[in-house]
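Undergrad: Listed below, chain by chain, are the residues.
Number of protein chains: 2
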Amino acid sequence: VSHLELWALATPHRFVEGDDLVEHLLAALSAHDQALLDGDVVVVTSKVVSKVEGRVVPVGPDVSDKVALVESEATRILRRRGPLRLTETTHGFVNANAGVDLSNTESGTAVLLPRDPDKSARALRATLEHRLKIRLAVIVTDTFGRAWRNGVTDVAIGSAGITPILDLRGTTDDTGRVLEATEVAVVDEIAGAANLVLAKNAGAPFCIVRGITPTWLGTGSVVEHIVRAPAGDLFR
Amino acid sequence: VSHLELWALATPHRFVEGDDLVEHLLAALSAHDQALLDGDVVVVTSKVVSKVEGRVVPVGPDVSDKVALVESEATRILRRRGPLRLTETTHGFVNANAGVDLSNTESGTAVLLPRDPDKSARALRATLEHRLKIRLAVIVTDTFGRAWRNGVTDVAIGSAGITPILDLRGTTDDTGRVLEATEVAVVDEIAGAANLVLAKNAGAPFCIVRGITPTWLGTGSVVEHIVRAPAGDLFR
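Line by line, the protein sequences give chains A and B. Okay, so the first sequence: first residue is 1 according to this note's numbering, each after it adds one. Okay, so the second sequence: first residue is 1001 according to this note's numbering, each after it adds one.
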């Protein structure tokens, strides 16, 4: 039986610029009597990555101030509705309000997305692997809306140590025929799965995912593999 | 620590019209020495739901035959690229090729989406709850592409016994401020999580998800709550 397990790791710490995410992750693991094992995926919310990287900026109290900040963060605006901006970001993500987050931050401030979440994931992974002497993957997540469907889901905005898209093309299905293209965005499915346990723990910044197929550990990045090039995009 | 566990349940059975999904699910559980517990979510792939409901149709060998079938299943075509059709279905889903599936079926046939996947989920749940005398949720999944991001993920196309969108608006965040809108599409996050274990077991039609917050058990349906009305949709 294939099996997957996920744990949320909460911490009472309020993250600020310069904090060491690895130290806080290891402390949270220890506090919960948990340890990372070879092949685990560590999921980290972009909010704490942004905070430790100093991506907190002042913003005025008016809606117009917030919209101005969003528009300054966006490289392109795809749609406008009231104060909502459907944007493209410097990373190439298409999301609401350029990922500018006005919740979970001190009043009068906003949290911007990490400048390079793949790089953040790589740095976190390198430090963890060096400290623990095991192979790990790291995924940085954020909450995105979707076209055509209500509600938000968490998706990967950065990753390291894992193949972002698992290519099942060419494998045979249960009738022995070759499958059509099924390139599964596993980093996004893991991000959404992690949110199921994080949503139960408001404020928990870390989730451990145990049980992914070892061959999924690999290379690639979210910006390189998940972001669809505008030229190939039917909705941009 | 919040914890979530998922298991794939494979079966050697090739599903055909009229098969009893509940019998096969219970047999697969028994074969894997597993039992359903109160509060579990049972995830079923739409492919087997369609097959037992007789949604298998003949299709000619040419690309034009396949495109014709797709177009006959679609209520609206949003984009065309080569043989690909980005469609709206009778359910209101926006997906590729109206969900018509040419893999995992006998040559010369195609599998259509269930007519009413929410109803399929409700029927499956009612029978399981009656048989086992426990509360369960059921989610029927299919594989969809996304705008702006490469790769596919599994999403919910039908559900029963679970609140499809978890409304966290009005709850306070870790700084004590009221959170902005975060309506989490938990049925989609569960569907994607289930695919992580199903993808490791080509052909496994069932996944058990254990550990969701009991208050998530509730009412609602995918078509009613997840499908965004065209009038409120910025990309239709």
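The hints are simulated quantities; they were obtained by calculation from the structure and are not laboratory data. The beta carbon of each residue, even a glycine, is placed where N, CA and C say it ideally should be. Incorrect hints may appear among the rest.
Examples of chain B residues lying across from chain A (beta carbon under 8 Å, computed) [unchecked claim]:
#1 L1004
#2 E1005
#3 V1059
#4 P1061
#5 D1062
#6 A1123
#7 A1147
#8 R1149
#9 T1163
#10 L1166
Undergrad: Now tell me, hint by hint, if it's right for this structure.
TA: Quick rundown of the hints versus the structure:
Using the Cβ-Cβ criterion of 8 Å, the hint placing L1004(B) at the interface with chain A is satisfied: the shortest such distance is roughly 5 Å. The closest approach between the C-beta of E1005(B) and any C-beta of chain A is roughly 5 Å, which is under the 8 Å cut-off, so the hint is satisfied. With 8 Å as the threshold, the beta carbon of V1059(B) stays out of range of chain A, its nearest partner Cβ sitting at about 13 Å, so the hint is violated. Evaluation of the P1061(B) hint against chain A yields a violated restraint, the C-beta minimum of about 13 Å exceeding 8 Å.
Interface restraint check: D1062(B) against chain A, minimum CB-CB distance 16 Å, threshold 8 Å, status violated. Look at A1123(B): its Cβ only gets to about 24 Å from chain A, farther than 8 Å, so that hint breaks. Below 8 Å, beta-carbon pairs count as interface contacts, and A1147(B) has one with chain A at about 4 Å; its hint therefore holds. Taken as an interface hint, R1149(B) checks out: its beta carbon lies about 5 Å from the nearest beta carbon of chain A, inside 8 Å.
Of the supplied interface hints, the one on T1163(B) is violated, with its beta-carbon coming no nearer than about 11 Å to a beta-carbon of chain A, more than 8 Å. Given hint, L1166(B) at the interface with chain A, holds; its Cβ is 7 Å from that chain's nearest Cβ, closer than 8 Å.
This entry does not satisfy hints 3, 4, 5, 6, 9, going by the numbered hints stated previously.
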